[in-house]
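Participant: Keeping the supplied structure of chain A fixed, place chains B, C, D and E upon it in accordance with the hints.
Note that the protein sequences, when read in sequence, are chains A, B, C, D and E. Going by the numbering used here, 27 is the number at position 27 of the first sequence; the sequence numbering is gapless. Count along the second sequence from 1, add 1000, and you get the number used in the numbering used here. Count along the third sequence from 1, add 2000, and you get the number used in the numbering used here. Count along the fourth sequence from 1, add 3000, and you get the number used in the numbering used here. Count along the fifth sequence from 1, add 4000, and you get the number used in the numbering used here.
Take these hints with a grain of salt, some might be off.
[To be verified] Calculated pairs, SDA-like style, for lysine to any residue (alpha carbon to alpha carbon, straight line, at most 25 Å): (1) B:Lys1192 - E:His4538; (2) D:Lys3595 - E:Leu4475; (3) D:Lys3024 - B:Phe1448; (4) A:Lys96 - E:Ala4139; (5) D:Lys3595 - E:Thr4346; (6) A:Lys96 - C:Arg2089; (7) D:Lys3595 - E:Arg4486; (8) B:Lys1372 - D:Ala3167; (9) D:Lys3595 - C:Arg2089; (10) B:Lys1192 - E:Gln4320; (11) E:Lys4426 - B:Asn1026; (12) C:Lys2082 - D:Gly3599; (13) D:Lys3162 - B:Asp1366; (14) E:Lys4049 - C:Arg2164; (15) E:Lys4426 - B:Pro1021; (16) E:Lys4426 - B:Thr1029; (17) E:Lys4049 - C:Met2157; (18) E:Lys4426 - B:Thr1162; (19) D:Lys3024 - B:Ser1453; (20) D:Lys3595 - E:Ile4332; (21) B:Lys1192 - E:Ser4374.
[As the list claims (entries may be wrong)] Computed Cβ-Cβ distance ranges for the label pairs, DEER-style: (22) E:Val4044 - A:Asp93: 41 to 47 Å; (23) D:Gln3591 - C:Ala2160: 38 to 44 Å; (24) C:Val2010 - E:Asp4011: 36 to 42 Å; (25) B:Ser1209 - E:Ala4023: 45 to 51 Å; (26) B:Pro1021 - E:Leu4052: 36 to 42 Å; (27) C:Glu2083 - D:Thr3566: 53 to 59 Å; (28) D:Gln3591 - E:Gly4056: 44 to 50 Å; (29) C:Leu2072 - A:Asp93: 22 to 28 Å; (30) D:Arg3443 - B:Gly1365: 33 to 39 Å; (31) C:Glu2181 - E:Val4044: 36 to 42 Å; (32) B:Phe1471 - D:Glu3025: 24 to 30 Å.
Source of the hints: derived by calculation from the structure; they are not laboratory data. C-beta: ideal position from N, C-alpha, C; glycine also.
This is what each chain is made of:
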Amino acid sequence: MTEYLSLSLILFTIGAVGVLVRRNAIVVFMCIELMLNATNLALVAFAHQHGNLDGQIAAFFVMVVAAAEVVVGLAIIVSIYRTRRSASVDDADLLKG
Amino acid sequence: MILTLLAATPLLGALVVTCLPRGSANASTVKAVAIGFSALTLALSLVVMARYDVESGGYQMTEKHEWIGQLGAWYSLGVNGIGLVLILLTTILVPVVLLAAWDDRLPGRRSVNSYVAWMLVLEGLAIGVFAATDAFLFYVLFEATLIPIYFLIGSYGGPQRTYAAVKFLIYNLVGGLLMLAAIVGLYVVSAKDGNASYLLSDLQNVDMSTTTERLLFCGFMAAFAIKAPLFPFHTWLPDAAASATPGTSVLMVSVIDKIGTFGMLRWCLGVFPGASEWASPVVITLAVISIVYGALCAIGQDDIRRLVAFTSVSHFGFIILGIFAFTTVSTAGSTLYMFNHGLSTAALFLVTGLMIARRGSASIGDFGGVQKVAPIMSGVLLVAGLSSLSLPGLAPFVSEFMVLAGTFTRSVPAAAVATLGIVLAALYILIMYAKVMTGPLREGLEGFRDLGSREVAALAPTLVLIVGLGFYPQPMLNVINPAVDEVISQVGQGDPPPRTPVDVSEQAKTEEGGH
Amino acid sequence: MTAFWTLAPVMVVAALGLLFARKAVHAALCLAVVMISLAVQYAALGAPFLFAVQIIVYTGAIMMLFLFVLMLVGVDTSDSLKETIAGQRLAATVVGLLFGVVAVLAIGQTVTGAVTGLGQANENGNPFGLAELLFGPYVLAFELTSALLITAALGAMVLAHRERLGARASQATLAERRMREYAETGRHPGNPPTPGVYARDNAVDLPARLPDGTSAPDSVSQVLRDRGQVRPAPGAKDPVDPADTTDTGPREVEE
Amino acid sequence: MLDLVWLLVAIPLVSGLGLLVWGKEADAWGHLVATVASAASFVLGVVAFIELAGRDADDRSVTHVLFTWIEAGPFHVDMAYHYDPLAALFVLLITGVGTLIHVYSIGYMAHDERRRRFFCFLNIFVAAMLTLVLAADYLVIFLGWEGVGLASYLLIGFWQHKPSAAAAAKKAFVVNRVGDLGMALAIMLMFAQLGTTDIASVNASIGSASTSVATAMGLLLLLGACGKSAQVPLQSWLLDAMEGPTPVSALIHAATMVTAGVYLVVRSNGIFDASEAARTAVVVVGLVTLLVGAWIGCAKDDIKKALAGSTMSQIGYMMLAAGLGPAGYAFAIFHLITHGFFKANMFLGAGSVMHAMDDDVDMRHYGALRTSLPITFATFALGYLAIIGFPGFSGFFSKDKIIEAAFGYNVWVGLGTLLGAGVTAFYMTRLMMMTFFGEKRWRDEVHPHESPLVMTIPLMVLGAASLLGGALLAGDWIVDWLEPVVGHTEHHELAIPALAMSAIIVAVVAVGATLAYLTYGRRPVADVAPLDSQVRWPVRAGRHEMYGNEINEALVVRPVQHTTRTLVFLDGRGIDGFVTGLADRLGEASQALRKPQNGLVRSYALGIFAGATLVLVALLAVTLA
Amino acid sequence: MSSTALLTATDLPDIAAPEIQYALIGPVFIILGAALVGIVLEAVLPRGKRFLPQVGVAVVGVVAALADTVWVYRSLDTVQGSSLEGRGQVALEGALSIDGPGVFTWGILLVFALLSLGLFAERRLENGLSPFTGRAADAPGSAGEAEAVEAGLEHTEVFPLMLFALSGMMLFATANDLITMFVALEVLSLPLYLLCGLARRRRLVSQEAALKYFLLGAFSSVFFLYGAALAYGFSGSFGLAEIDLAVSARTGDQPLLLAAIALIAVGMFFKIGAAPFHQWTPDVYQGAPTPVTAFMAAGTKAAAFIAFLRVFFVAFGGAQWDWRPTIWVVAIITMVLGALVSIAQTDVKRMLAYSSVAHAGFLLVGFAGAYVGSAGNEDRITSVSSILFYLSVYGVSSIGAFAIVTVVRDAGGEATHLSRWAGLGKESPFLAGCFALFMLSFAGIPLTGGFIGKWGIFSAAWSGGYWPLVVVGVLVSAVAAYFYVRVIVLMFFTDPTDAPGPTVAAPSRVTTVVIAASAAATVALGLVPGPVLDLAQHAGAFVR
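The shape of chain A in the complex, shown without the other chains (with noise of 0.2 Å):
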């Protein structure tokens, strides 16, 4: 078990510093989903521990919600990129102070 919850904690750990360092909007996106999975990960691993298959469905449900999500987060991504030609997310710091 714990192998499972290690690989998914260094996933998700990737992830999230991932979307420390990456400029690319879309990028930044993907390590996003990339911790989704890890979080899927441990709980279909949890699931398994358990023997009961809530973790299973959540994980369906994150997969849901992910493809919304993803859906949501490319349009916004895209028409911002239309607005600047840039998916930087650098670029977008007009707000601040």
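Facilitator: Positioned in the frame of chain A, the structure of chains B, C, D and E alone reads:
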């Protein structure tokens, strides 16, 4: 109901005044209406005074309705002697201030409607504060009074008004919020005791640990010390007074600041007697420092309004000293002092305000020899000043002496140092008077107008009261005494008996001897 | 366990690829690797249904969406690896390491409970078990996902869809306008030549040659022109300077 | 009638305040009303005196409560008067001299446009002074005490346009306040110790309190008395007070108010009887002041200041006498009354001289005025003879008694008083010589003329009183009269017979007078004073009023100014600076905290991630550790 | 495989139909239904004719849901919990807990929604157009945008989106298991991400706000999710009650539990805008269209806070001594930071955003007290009831404040720079007065609702034994008051420096009504808070 009516009348007046048409053409009507309402309030307060039964004392004309049941907050009003005196002060001063403010020039194109409306709002709230017998209600009104003053200073004051208004508000808010913490604590304590209630009568019976009591006391005291203002929390006052219109200053220093000392009497001593006693050495020390410090700082001021503000710091020191000496004499003296100081400071602020308005400067250095062109003003200033330095025969003397005499029985050093204030008071008043009024007439003052009849009419009541109460303070004391006795017995501290009391029979004999 | 130990390093490496890949596409592919590996892990953990869904929904749909958008945004966009926010990378590394180490050591390594396994839960087959839950305690969540999906659709529409204003131009008006433009600006009403016409070969990057022997630069796709990948037409009278080609290409098609 | 004694106070008070409020319309007749009011008080005073005198010796005391002034808890003060032989004498002195000075002022102030106000102030003074002497309670005394202080302040500074007058007024008030501090503390001590401030009760029961209490009380009262009576160390205001119009100097700063300190000591005889130490302090203060005042009187060229120095000195005599206890109380009062006559006389005379000399006060500009101002000269001479103690004149008897009593108390004190008598003769003769004898040293534009009758009649009356005042001692009348108040006076047998004593005193006085004559009568007086550097140190010290102002300046004024400035600075920078500094720091913190909000999503994400890490680590560490 | 599944399908047991208490969750269904009707309207009505029907559907839906909420609230049964009495029941197979606090939150959310709808539907300020961009697909400043304005295009989709978000909030506040909570979180978030990017003016910052909100929101919700996963790992269930059982029984691995608490807290901290997870707040509040900001500020905070409380009181209540110190510290950091940074702000919306951060801190003070009352002393203010009341007041006041922001305009749209507000008091006493009132309420001055709110949360904290936190709280209140007061100074005491003062566009009646209603509510909650306080008080404890 009469207390509610009393508090509501000026509020209603404020509403009416706000609804009246604006513009300079209507200014006189507006002011007249406002004065009318304040006069009506005064009349009502006299009715209250008349209906108050001095013999039985205690809280009278009480009203009690549940307000916020969950919090244990009641809409509970009632007056005892102390509250009554301060209500009377309020209702007397507001018409005076309004009348004296008739010719106030407001900055910008600000309307006189809101100016007088705010004053009336302030009056209503102040009456409520003095009549509240529920800690929550008291707190709410206490804090609410900040708003009218804030607007009065900020909208209608001098060039530094914004700074002064914000400083005033924040400074007082800090105190108020600390008190809020204590109010919350009171709720917790009283709720733990079974039934949450903020009623004064209930709070006096609440069981609390010594530590809790002290903590809560500190919260209340912080608010009151800032409001009063007690050294070293006084620095908002000179700024505020220097920036406010004279009328605002009067209401602020004479009425609203009294809430601080009033609160100490009613809430600190009333609800936390043990903690009050515990804190009294510190408070007395600070009060004595205030007396001397305020006086010394007043001597060094060039701005007349700041000077008056510092004199008030000194006087508030006396009031607080009297309260925390826990003797009936000093406490009754403090209560009377609140009233008297209200009158004398009002006179001082108003007459210097008129002076300043005429000169266009508040700097003492810009005056000189005014007495020659404005003898009446000079006389009024002198009387006001003398009352401020507690000349016997004028009202503040009686109260100041009572405070000192009472304190003396409790703590000789405190009284002795405080008595220094008597000398310093002479200095700050007379130096100012000498610089402003005497000597050759300063250039640029040739056209200086003496007081007009309306101004005299506005100031006369305060002067008459100052002189009258100087010789015959007993009507006030009769009202005050029972309430003070109650407070002192609450604290559990009686008057220290004279160390070698005069044989009563002997005294009787000597008195008899004359007849 | 074999599957796990085989795939785990792959997944970690692929995940790290997400951090270090210069090109977004590479990152996407790395992510796909992780996802597919995950699917296998699911299968190993007794979640065949999720295995399928992971492949179909995640890798199949979501990743494709990512790639699609990457194409839209520019398939070759690549991050410069130079960090612009001072200290960001260092801080990210430190925090990441701290989080990772703490998490793995304090959480990952401390799980004790016995592994029950899904034998019983999957008695009637994994999908049935899931269905039972889905239509039992999680029915509300399930229904709610519809709201999510509607929102997503609506969002995509709102942000991406440009509604047409006015009626579609008819053939006649279009023709009329073309002729008028020709009269006014000299813009040829006919179709422009396609690349490679009359040229040496018919590659897409070779401009057509007009009857007068000059080359027609606008016959090459705008994308290639932008990239500077237009080949000069051999023997053309005027060597194409890709830099100053102006867009005289196909008219904007009315929506 | 004795129930109506309060009218004594009320009449001048109402008249004074009424005229003040009445306003300009009263300008024409206000002074007359005021004078009549004062005179009415005098008449009432006489009637009351007669009634009192008609009573039995042990029944000559009336206490009448008008109303309760202050009552709170155990603190009870009645607005009551206590009319007894001591008060009766003072009433007569105050209203009598007061009325004369009112009359005199009608002429003296005739050309002052603010004359009405002057009379109002005079009336208020009379009322306050009467309150002081009639009070049955120390706090009421205090009321009168400060009331006369106020009147004194108003009258010294009457010519407000003169900065020097305004400053002198202020100084008088402030210095008096220092004394009042003592008085106030004394009253508080009474309340704390005895539970009452009623004079009779206090004096009756002080014996049961410890001596140290009585001493403290006595010393505090003495401080009050020093302030009001210009005794060392609070003497410095009196000479400056001569900035006031001369009638004021005569009434307040010579005849009545300044003697209030003596009255206080005598009135508090119970307290001083209970404390040897307090009495000694009074004697010391009296003796020092006596000599210092005389010294100053010798050195001053300003006629009013010379007289003021003399006043100090004479009050020193009274104070000293009062400090002698029962042996001296009556003589203190006796000298107080005779001094009231002759000093008022001389001040008014000086006023008459100044009137003639266009308000010039420098005696070096006088000379040979006896011919131009015959009436003034004659009356002044009566005063002169009285003060130096010319046998048969009132001062002879009163001073003689004090010196005798002083010798009875202590030889050194006696010698001091004797020396004082000689010096008095010296400076008074000097004054006479410089003013009325010798050569004319008038300025050119001055044409002296005798004053109008309205001014000279009071002079004559007072001159007569100076001559005849000694009659009060006839048959020890005054001693007997005051006995119910101050107790029985043991007659001391001196080592030498009384007659011999008188002879010695007269001899000493003659020596002083002769010395002065030799110095100022025989030789011409320079009409410009020699510079400070040209005179010897005793003269220099006298001119500088024994450096009293300088000492005050160094010990009090400058430290206060310095403290004030420091405090104002500290208040702004320190206390308020702390508050505003706090606000500034908050503002800076605010700006600093804005920095992390840099608009970059990745930074924000870092914040979240770091925060999450912290929360995680904290929870794990705190709980698991 | 498929063939075997088909073969065995008949052997499988029936899946019992879930029990759905339609009556109890009627309000949510009404809102969802209204949203769906809105979607249908989008499909069937021509562009120009959608606006009014959409507004109508939304308003009717919200009002109906509100009415239903009242009915639901009144019909809640009293249940005796482990220690304290609560009202309501667990519904939908344990997915939702329809209890007093939850339904109360529904009520205030619906009120917020109704008020916000007024701002959504305001058309007069933009010359007859809604405050949302006409065609989001056009790049800002492009010809297409001008064309869209010309043509009077409006995105009426905002109404269904808003209703979806609302339904998400309502479910978030009542979710009784972590999965439902997560889904509800997303249902509430996704529409808001979209709405944030739809401003008509200043579209660049609006899109930026959407991007930031989206990225950070997604980022933080993953933390929440991982926390949920760990909680599941700890207890074997997502249900709050089951987790509570495991926590109380101290079975399972403590590190898992603690990590779960930590990560769920992170997700929640983010949503409520607590420091250091607050950084999105100012940017998003400033960039988003003001009506959306208003709705978001009030609604999200309320829903998230109640969900937060529910998770922590119900599921992790047994571990409160573990998490209370963290809340304590975060509360202080949040208050201090929010209050301090507000001082330096020059943009009204940004200032209000930081102020909302500070308020999150104050709310956390009440939370940290974690006072749930005790048996036999039911009348005392608890953490839950005080927070409910605070949220009501804060929400109403902040919607009112943002409503005023929409009205103060210059040529470029809303004039949000504070210097442009100088002299507003003279320009429009009513607006300035109302804004001052809201500021005073935020500052917690008596006679406004904010005061009673502050009182409540402080009292809860004190009851929980955290009086030093109360002292810190009141001191921070003073700092916070400074910048509220500064706005009043600007409006009333300062004369505008540059020639033209703020222009107050005449809003249509809806906005005026919204402002007036918010102001009235703010005053009413200060003067006679009794009824609302009573409701909050009698909502009772969470039902599990």
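Participant: Now look at each hint and say whether the structure bears it out.
Facilitator: Hints versus structure:
1. B:Lys1192 - E:His4538: Distance of about 19 Å is within 25 Å: holds.
2. D:Lys3595 - E:Leu4475: holds (24 Å)
3. D:Lys3024 - B:Phe1448: holds (19 Å)
4. A:Lys96 - E:Ala4139: holds (22 Å)
5. D:Lys3595 - E:Thr4346: holds (15 Å)
6. A:Lys96 - C:Arg2089: holds (21 Å)
7. D:Lys3595 - E:Arg4486: holds (22 Å)
8. B:Lys1372 - D:Ala3167: Status holds; Cα separation ~16 Å.
9. D:Lys3595 - C:Arg2089: With Cα atoms ~18 Å apart, Lys3595 of chain D and Arg2089 of chain C stay inside 25 Å; holds.
10. B:Lys1192 - E:Gln4320: holds (22 Å)
11. E:Lys4426 - B:Asn1026: holds (18 Å)
12. C:Lys2082 - D:Gly3599: Distance of about 19 Å is within 25 Å: holds.
13. D:Lys3162 - B:Asp1366: At roughly 18 Å apart (the allowed maximum being 25 Å), Asp1366 of chain B and Lys3162 of chain D satisfy the hint.
14. E:Lys4049 - C:Arg2164: holds (16 Å)
15. E:Lys4426 - B:Pro1021: holds (15 Å)
16. E:Lys4426 - B:Thr1029: holds (22 Å)
17. E:Lys4049 - C:Met2157: holds (19 Å)
18. E:Lys4426 - B:Thr1162: Holds, because 16 Å separates the two Cα atoms, which is no more than 25 Å.
19. D:Lys3024 - B:Ser1453: Holds. Lys3024 of chain D to Ser1453 of chain B sits at ~15 Å (cutoff 25 Å).
20. D:Lys3595 - E:Ile4332: holds (20 Å)
21. B:Lys1192 - E:Ser4374: holds (10 Å)
22. E:Val4044 - A:Asp93: 41 to 47 Å: holds (42 Å)
23. D:Gln3591 - C:Ala2160: 38 to 44 Å: For Gln3591 of chain D and Ala2160 of chain C the Cβ distance comes to about 41 Å; the hint holds.
24. C:Val2010 - E:Asp4011: 36 to 42 Å: Holds - the Cβ-Cβ distance for Val2010 of chain C and Asp4011 of chain E, about 39 Å, lies within 36 to 42 Å.
25. B:Ser1209 - E:Ala4023: 45 to 51 Å: The hint (45 to 51 Å, Cβ to Cβ) holds, given that Ser1209 of chain B and Ala4023 of chain E are roughly 50 Å apart.
26. B:Pro1021 - E:Leu4052: 36 to 42 Å: holds (40 Å)
27. C:Glu2083 - D:Thr3566: 53 to 59 Å: holds (57 Å)
28. D:Gln3591 - E:Gly4056: 44 to 50 Å: holds (48 Å)
29. C:Leu2072 - A:Asp93: 22 to 28 Å: holds (23 Å)
30. D:Arg3443 - B:Gly1365: 33 to 39 Å: holds (37 Å)
31. C:Glu2181 - E:Val4044: 36 to 42 Å: holds (39 Å)
32. B:Phe1471 - D:Glu3025: 24 to 30 Å: With Cβ atoms ~27 Å apart, the hint holds.
Consistency with the previously given hints is maintained throughout, with no hint failing.
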